[in-house]
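Participant: Chain by chain, the residues:
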Amino acid sequence: MIYHFLIEPFIDYGFMRRALVACLALSISTAPLGFFLLLRRISLVGDALSHAILPGVAVGYLLAGMSLVAMGIGGFVAGVLVALISGLVSSRTNLKEDASFAGFYLGSLALGVTLISLRGSSVDLLHLLFGSILAVDSQATLFVGVIASVTLLILAALYRGLVMETFDRSFLQVNNRFAPHLIHGVFLALLVLNLVAGFQILGTLMSVGLMMLPAVSARCWAKTLPGSMLLAVVFGLLSAWLGLAWSFAAALPAGPAIVLTASVGFFISILFGSRSGLVRSLFKGWITTSKEIK
Amino acid sequence: MIELQQVVLGYQGRAVTSPLSGKFCAGSMTAVIGANGTGKSTLLKTLLRLHAPVSGRVEYTHGAAPRTAWLPQLADMDRQFPATVYDVVSMGSWPASGLFSSLTRRHRELVAQAIDRVGLSEMYKQPIETLSGGQFQRMLFARLLIQDAPLVLLDEPFTGVDAQTTHFLMALIRQMHEAGQTVITVLHDNELVERFFPEVLLLGPDACHWGATQQVLPRYNPLGLNLVLSA
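One line per chain: the protein sequences are C and L, in this order.
To convert, note that position 244 of the first sequence is 244 in my numbering; the numbers rise steadily by one, no gaps.
To convert, note that position 161 of the second sequence is 161 in my numbering; the numbers rise steadily by one, no gaps.
Since the hints were made in silico from the structure, they are not lab data.
Think of the CB as a built atom: it goes at the ideal place given N, C-alpha and C, for glycine as much as any other residue.
Here are the simulated lysine-lysine pairs, DSS-like style, with alpha carbons at most 30 Å apart:
(1) Lys125(L) to Lys223(C)
(2) Lys284(C) to Lys223(C)
(3) Lys125(L) to Lys284(C)
Residues from chain C that keep clear of chain L, each with C-beta distances beyond 12 Å, as calculated:
(4) Leu6
(5) Leu237
(6) Phe267
Coverage of chain C stretches by chain L, computed from C-beta distances (three or more under 8 Å per stretch; other residues unrestricted):
(7) 159-171
(8) 220-226
With the hints as extra help, turn the sequences into a complete structure.
Facilitator: The following block contains the structure:
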């Protein structure tokens, strides 16, 4: 039964194998990024950026059809543009960064959907928004693998600076005015790159799920930074595997299935996590009140 | 070391002080006092060049700003951040260590010594979320010690810190002063200012006073202010 559900689909079907490999690669690079988003208290910026890449993807689609490269480049350019403009707007006006991000991403989403609707069918629109594992050919798998590897290498090189900037931005800025901006910029670019890598499989709306949910879940358990990131990756891998198997067994779209699986992990972590431990604290409260009554 | 010329402090173009002129001399030790909202933190952030002044000029003796060690307010820090005491203290090795290369043996020794000096040597592996306010502040002081910068700016170093630690950290600040570092501290505790700080900068909405502690401190009457607030 377990073999039938969890392993057989990946042995029997090439497209399931490719989807699995791509999702595993994606988890390894997006989960640490998501964890840094969480620590920087800008969790929702990932969400905003994932919407922001859609107009670029749409332009790529209009020019070259369902071409991965064209849509990928378009999405990356659009995401970076929105990140830059939002940062500029928030530094020049009274708006906080999240507010200006919110302003831009809603417009981007609407623009993207409109552009695709101009020429495409509603099936294409659904694929772009929610992903399609059938679209993952070997070229797409390679694309995701390269992006994941590059992301990990850059993260490793930038790690100390990123940790310092996340913990105490002013400390870094005091002795080097440009370092924090540079680090923040590279980080946002990596974010956009990974969202672009994810949209083929998970869709533009869902790709951020594999980034944030494992990270938030890991935060409920682990105490150290390397431990948390490792745990986030493990949660991501498990969600991808179980989610894909589930989507195959129940004929569901892959993106929502994977993200729903990750959500289940998230709820379990909130309830039972060693750091959050909602159930434990409720239980403790119950014990103390029942003692008081006695 | 730093000269202010008719500097008006403020945030996003709104002035909060009257024009301020004077000098922080090399090796001096100054307490910045004043009621809430008079621009004490803004002054530090202006000296750090995190904010631009509304008007006026800030001149540094050697042209560029000196290397600066900076202690933010405890309230501005993320006390839940998943790092250990060692991680945070070793951040003080920057910028000497560079952002990319690994820490040398010399840096690691300095980190261990600093942790020892602030009395946290038994907790260096602990996650910072387990530290009390006083222990957290000791850890940040260890980071300052490693930086060994010519200019040290401290924003309310004793807020949320127990009396024993306050005593201990005050001794460390005096050691920095004796070692020739220029120290500028925002403080609320007049007794400490009177006992330990030779110079005071009193910020107020209408006028600022800057000079020797015996002359400036009597002009500051926080009690009167408290009465106004509670009335």
